[in-house]
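Asker: Protein chains in written order, with this note's numbering: chain A, 61 to 282; chain B, 170 to 844; chain C, 5 to 502; chain D, -12 to 310.
Hints listed in this document are in silico derivations from the structure and should not be mistaken for laboratory results. Check the hints yourself; a few may be wrong.
Here are the in silico distance ranges between beta carbons for each label pair [unchecked claim]:
#: 1; chain 1: D; residue 1: Ala260; chain 2: B; residue 2: Trp449; range: 31 to 39 Å
#: 2; chain 1: C; residue 1: Arg368; chain 2: A; residue 2: Val138; range: 28 to 36 Å
#: 3; chain 1: C; residue 1: Leu381; chain 2: B; residue 2: Gly831; range: 22 to 30 Å
#: 4; chain 1: D; residue 1: Ala9; chain 2: B; residue 2: Ala662; range: 17 to 25 Å
#: 5; chain 1: D; residue 1: Phe308; chain 2: B; residue 2: Gly183; range: 54 to 62 Å
Negatives, chain B to chain A, calculated, CB over 10 Å [as the list claims (entries may be wrong)]:
#: 6; residue: Gly444
#: 7; residue: Leu558
#: 8; residue: Ala643
#: 9; residue: Asp686
#: 10; residue: Leu718
#: 11; residue: Ala807
#: 12; residue: Ala814
#: 13; residue: Leu817
#: 14; residue: Asn819
#: 15; residue: Gly820
#: 16; residue: Ser821
#: 17; residue: Val822
#: 18; residue: Leu837
#: 19; residue: Ile838
#: 20; residue: Leu840
Glycine is no exception: its CB is placed at the ideal position from the N, C-alpha and C atoms.
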Amino acid sequence: MSDVTYVRLLDLACGAFLLAAVLVLWRRDLAAIVRLFAIQGAALAALVAVLGVHEGLDGHGAELLALGAGLAVLRAVVLPRLLRRAIVGGDVRETEPLVNVAASLVVAAGLALLSYAVTRPVVALEPSPAVRAVPVALTVVLIGFFVLVTRRRALSQVVGFLLVDNGITAVAFLTTSGVPLIVELGVSLDVLLAVLVLQVLTARMRAAFGGTDLDDLRELRD
Amino acid sequence: MTSVTGAALSASLGASLLAAVAGAALPRRVRPAGAGLCTAVAGAAAVVAGVAAMTGRSWSAWLPELLPLAGVRLAVDPLGGLFIAVTGAVAVCAAVYGVGYARPPRDGHGHGLDGRTVQAVLPLFVAAMLLVPAAASVSTFLVAWELMALASLLLVVAEHRHRASVGTAGLWYAVMTHLGLVAILAGLAGLAAAAHGESFDRLRAAAEGLSPAVRGAVFVATFAGFASKAGIIPLHVWLPRAHPEAPSHVSALMSAAMVNLGGYGIVRVGFDLLGGGPVWWWLLVLAAGAVSALYGILQAAVATDLKRLLAYSTCENMGLVLVGLGAGGLLLTAGARPPAALALTAALLHVVNHAAFKTLLFLAAGSVLRATGLRDLDALGGLRTRMPLTTAAFAVGALAASALPLGNGFVSEWLLLQSLIGSLGEGGTISAVTMPVAVAALALSAGLAVATFVKAFGTGFLARPRTPQAQAAAESPATMGVGMGVAAACCLALALVPAFTAPGLAGAVQVVLPGQDALTGQVTLRLAAASSTVSPLLIAVSVVGAVALLRIAMIRRARRRARLWDCGMGPLNARMEYTATSFAEPLQRVFDDVLAPETDLNVTPLAESAYLVESVTYRARVGDRIERRLYRPVVAAAAAVGEAARRLANGSVHRYLAYGFGTFTGVLILLAVTR
Amino acid sequence: MTTTALLIAPVGLPLLAAASHAVFGWRPKTTAWSGAAAAAGLLACAVALAVAAVDRPRTGLGGLLRADALSAYMLVVIGAVALPALLASPGYLAAERAAGHTSAADARRYGILTQTFVAAMALAVLAANLGVLWVAVEATTICTAFLVGHRRTRHATEAAWKYVVICSAGIALAFLGIVLLNFAARHAHVPSSGALDWAELARHATALDADVTRVAVALLVLGFGTKAGLAPLHAWLPDAHSQAPAPVSALMSGVLLSVAFYAVLRVKVIADAALGVPFTRTLLAAVALVSLAAAAALLLKQRDYKRMLAYSSIEHMGLIALGAAVGTPLAASAVLLHILGHGLAKSVAFLASGHIQQATGSTRVDGARGLIARVPLTAGLFGASLAALLGFPPFGLFASELGMFRAGFTAGMGWAVAAALLLMLVVVAAVAAHTGRMLLGAHRPGPGAAALAGDVRLARSAALALTAALVACAALGVTAWPLHTLLDTAAAIIGAHP
Amino acid sequence: MSGSMSVAGTVEAAAQVVLVAAGSPLLVGVMRQVKARLEGRAGAGVLQPWRDLRKLLRKEAITPDGTGPVFRAAPLVLTATALVAAGIVPIATTASPLDGAADLFAVTALLALGTVALALAALDTATAFGGMGASREMTVLALVEPTILMSVFALSVPAGSTNLGAIVNSTLHEPQRVASPVSLLAAVALAVVVIAEAGRIPVDNPATHLELTMIHEAMVLEYAGPDLALVEWASAMRLTVLLGLVANLFAPWGIASADTAAAALAALPLALAVFAVKVAVLGGALAAGEVFMAKLRMFRVPELLAGSFVMALLAVAASFFLA
């Protein structure tokens, strides 16, 4: 793979990765949000695959490809399926978010600028094409956090959390081709379990509160 | 460990621990006796240790394995020995007294004072108070200080099941004592940091070279902390609440031994460790002391709760001690060492005297409380026939507290006055302005003290009973009498031959001012710094002799009983008596602007005519104005902040996450900007 | 070989206990005590490791696990706190089942999850790799999520949700920090196998790129700080700790917070070497003071005594952070001593509060009046533990706080210490007021006070465990000679800088 | 001090006590006579107080119902303090053996002790009058205290001592000091104090029989017979001692302050006579003043005392700044 193709593909994957995150801010249909998350998972897997191919198929590259496949399974198939199961009954749309969509998009732009500013030292340390894409990944982290703060449905929050996680994984692969394998496995397992826990809790919440609007969860207060 | 001081102090601490174990383990029937006697032994050993230290047998120890991260460093010098001896003596009286006091009165409803907690904590309280003057490093001092605070707090709330006010008093005490600790900790830790070491020797050596700002900050912080323990205005608010609510022998320990340690702290830090300081330090001390003396005795003069009255009197007396310390500091700064030594001697002697008579007074008040269940002077009266021993004890204490001849308070106040008037020209214009004002404050407080204690004794013990409870009072058990008797004997000894304390006091003062011997003479007290003299013994002998002669001259005829003059209106009854409130009314009127009493007058007219009155209710209450004006706003502000802060945790998970998101982006921006 | 066994056992023993619960369920006479046995084993291993690791770090399992003095000390803390908590568990669950709050299946799950929770904490302190450390800390969140939601009430569900979401989000930041640190380490020529090994990182710290490292450190402190109950992401803590069963609250408040802070300490060692002391000092001091302020403000008008304990945990973590910010050897020793003292005292407080809740049927301060008159033993233990938590001698917290403050003044952080002292004064006032209202006064049955529920006696095992923990906490304040060398060595690891 | 001097001092002090004890009722008689004459009455004669005392002493001693030992002991204490004070104060000599035992502070405190005893006795009767009198007496006492101590302070500055003998001797050696502002201010302040302490107009009216205005008389309302005699006698002695104190602090001439015992004893009769004259003059002036003055309301008294306090304070200030 030539360097130009590599950079193109890398940028393409990163673009899709970021776009999916921004669109999560825009859409209100929970099913669509889950679909976008699946697309982002696929983009992440593709990103890793591109990195793997660029490294060369012998040695570390092959490992990266395998990891990419694993990521694709986890983040584009398993987690979206788990999430989809949590969409039941009337909770199919996001209620009015705490910050409206237009403002959210503006904030997303601001967050993108911030992540460029913050990652300057990172890029300065190793100005390779992959590392240059780190701001994109960090933007996704920030957007994910923003979703956590502003979206009111339980499911949207889970997606926000997963966006953060996707973003961090992307940063990891873009900077150093991933953290050690055992850590990566542990992290993935933790994420999976966390989503499972949240799914169970969503079910309990629905049983106890009759819905998944997080604004109902305000009984524990001072 | 071979020295007498060390052995006696160790024995004392050991006996305290044994007493605590006895208090926790013995069966209820013998618990007060077992714990009380062990505590008394501990107190006696402490007296031995203190006296040995005062007469030059200093002692020190270093126990690195105790108290993690610091180690325990003990050293007893004559100054510490004085306070150890005083604490020990008070402990002896209170412990013996406590044996009887803890026994439930006949009617069965006990105060719960023979419970495990009280019986086990009291000896620990004594031990902690003994450790404070023995501490020789910052950490040791603070740990002893805080142990003392915790133990006393537990004792203050001992009767919480019987009165709701106990809990409130405990809270005030807990907060104010912690405020004091914070101030002392900040001051001493700051000093230790600046001196690169925390042993007192190290601090003493390094204090000279510190910057004035550091020294000043250290002094102000520690002074605030010690003043709060000593009950100095305006940090006194805990004292008139906690002392009345505590069990009476605990009140005695607190009022006669614990508050002294505030004074000890000021001497130790201000004079010994920092080696004196600029004029403004001592003006601060002097002013705080003078204000405290006046305000304290004024509140005592209008108080009707007997124990509250005694508590405010403690504010007054500690104020007088501080006046002495402040004057001493001023004179030391001016280089007048003999007068400075006189002022310090006066202050320390007043500590001793106050401890003696306040122990006696609180024990007597407790005896009254136990016999009648009353602390309100307006409801007491006529106890002299029913409780002659207690009455005599209170009389001795009251005489001492009013600083009249034949009482021990007179001697130290006389010394204090001598030091103040003797130093008029010593310190330049500043002392020329401050000393007269200090003398005036001292004089007014002495005058008001007379009125206060005439009221307390006259309305509480003389006249006739105002309530059935007072009517039904009976004398207290013998152990309580012994406790009061020992304290009374101390008072009399101090009143008649105060010179026996002179060598010890000189030793204590020489820790700070080497080579000064302020007080000489056996029968007649002579001063090194002034040519005035006084002889309490001669005065006492003359007065008692004259009384005896007159008595003999008057004895010849039998007396006849007769009715009191009732203006021809029929027999007088107790409701017609002057009460404590009415007794204090003229003073309350004179000092209306200071006391700002709250009065509440309700006139209900008859339905038929507005000019005919059906009933009139009048209620007057003299609250603590400083508490009202200074602390209530703070408490209200804290409550408002607490109420507002509850919105921080309003239950919204979004808000909680937003805190994180905001900080996260904020930190990122900060890091991006500050590269 | 024995070293490896010693390193694996602390993780393995609780997992074995968890397996016993999985297979045999929760049986009051038998398996109910397996957790306590595992905790005792863990404590024994911890002591053995401490003896072994005090002179040099021990590694095992292919370099995946490592114990130096600091790890061993933290393991001691875990064992010391877990033991009373797990000894009190059978009694607590028996009372819960008697009251109908818990089914047999719930009890079994409780057993499994508490043991995995303990195992995860043990793993966290024994991990040689920051990544594994992170995984273990996140695993504790997952294990405890259902423990927080144990009662399945609306409140419990709400608390569990907030707990998982906020902690996961917060700790995700820490992972971002790890990723960036990994990046910096690669560029400092740390071999890729050891790029997240904290020992390796500390060794190569001076070569780390400062600009990247400071972003990474800030994220790590904020992230692990979330789990350690530090501001700004502390808000999950009162909810979770007040809803969890008392023994779990004890474990979470007593050790989990400290285990998370252990991660911050490891990061701090690296950061101090890479960036110099002022950076982490400023960061930690700011976090500490904000945490203290938040705790103080919210304690003032607190109406729920379990939340009060939770805010007290925030306060203490703030203090620990302040001590870490000071960072001198004395402060480091004080921090470690404080961690142990706080763990013991706080677990006693939570366990006693659990019994008070069972006795009064409420967690409201107003619902519990005159406790000394009603349940003297529990009230005494509760009061004593709070006295310990407020920093009264003879409890260990006094010695450690005093050490921290002295070190703070010596290090020139007088203003921060003074601010902390004032905030602590507010805390003391607030907690003393609430506790006083709960404990003192006569027992007046009436509309104000909830009726006592059934059997109110504290189980004998629990009473013994709590008393022993308090005595240990007090002994810690009197003398710490058995821990002396360990404490010094561990403190030297944290506080080793000019 | 040599042995013979101390013997002489003892003799002199005893003479003082005798003079005061015997002469004080006469002083009261003189004052009443002056007052009567100025008011246009004939008066009962100078010896009338002595006759009253004799009559009272012959009567039966009365113990009112419900009173206790304090009530019975108070007249003794009051009289004893007055006698002891008479022995200490430099009336005829500065060499009293008790001079070193009690300075000016101690003397005023001693007199206060007597007042306190009487106030307690009044409270012990459990009547409203007794309580009222005690309350007012104590209020006045408390407010007088600052003035007394400040005056003492002012007087002690030049002498460098608060011992009475030292102050008097120092004035004798430097007579010009009497005319100094310090001395004058202190004299005025001390005069007010004496009036208040002795219970004279305008603070109290010794001749009143209207209960609501009484202070001292309200306190002694229950006393009769020998007890009352002691109280009256002691009051007269207190007045004498206080007036003598003022007289000799500001005009000590005539006092026996010789260096040898024989000379001192020789000067004694003259000293006693001079003292009698001084006190009689002062007493007469006081009585004359009382004729032209009305008693102040109870709550105006603090103003008077505040005024005297300010004078005393000014005296102290002057003693430092004008020195």
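Asker: Determine for every hint whether it applies to the structure shown.
Answerer: Each hint tested on the structure:
1. Ala260(D) / Trp449(B): 31 to 39 Å: Given a distance of about 56 Å, which is not inside 31 to 39 Å, the answer is violated.
2. Arg368(C) / Val138(A): 28 to 36 Å: 44 Å, violated
3. Leu381(C) / Gly831(B): 22 to 30 Å: 46 Å, violated
4. Ala9(D) / Ala662(B): 17 to 25 Å: 38 Å, violated
5. Phe308(D) / Gly183(B): 54 to 62 Å: Check passed, 60 Å falls within 54 to 62 Å.
6. Gly444: 50 Å, holds
7. Leu558: For Leu558(B), whose nearest Cβ neighbour in chain A is about 56 Å away, the distance exceeds 10 Å, so it holds.
8. Ala643: 54 Å, holds
9. Asp686: Consistent with the label, Asp686(B) stays out of reach of chain A, its closest Cβ about 64 Å off (over 10 Å).
10. Leu718: Answer for Leu718(B): holds, closest chain A Cβ roughly 78 Å.
11. Ala807: 15 Å, holds
12. Ala814: Violated: least Cβ distance 8 Å, not greater than 10 Å.
13. Leu817: Leu817(B) not clear of chain A: closest Cβ-Cβ about 8 Å, inside 10 Å.
14. Asn819: 5 Å, violated
15. Gly820: 3 Å, violated
16. Ser821: 6 Å, violated
17. Val822: 6 Å, violated
18. Leu837: 5 Å, violated
19. Ile838: Not fine: 7 Å to the nearest Cβ puts Ile838(B) too close to chain A.
20. Leu840: 7 Å, violated
Violated hints, in rising order: 1, 2, 3, 4, 12, 13, 14, 15, 16, 17, 18, 19 and 20; the structure is consistent with all others.
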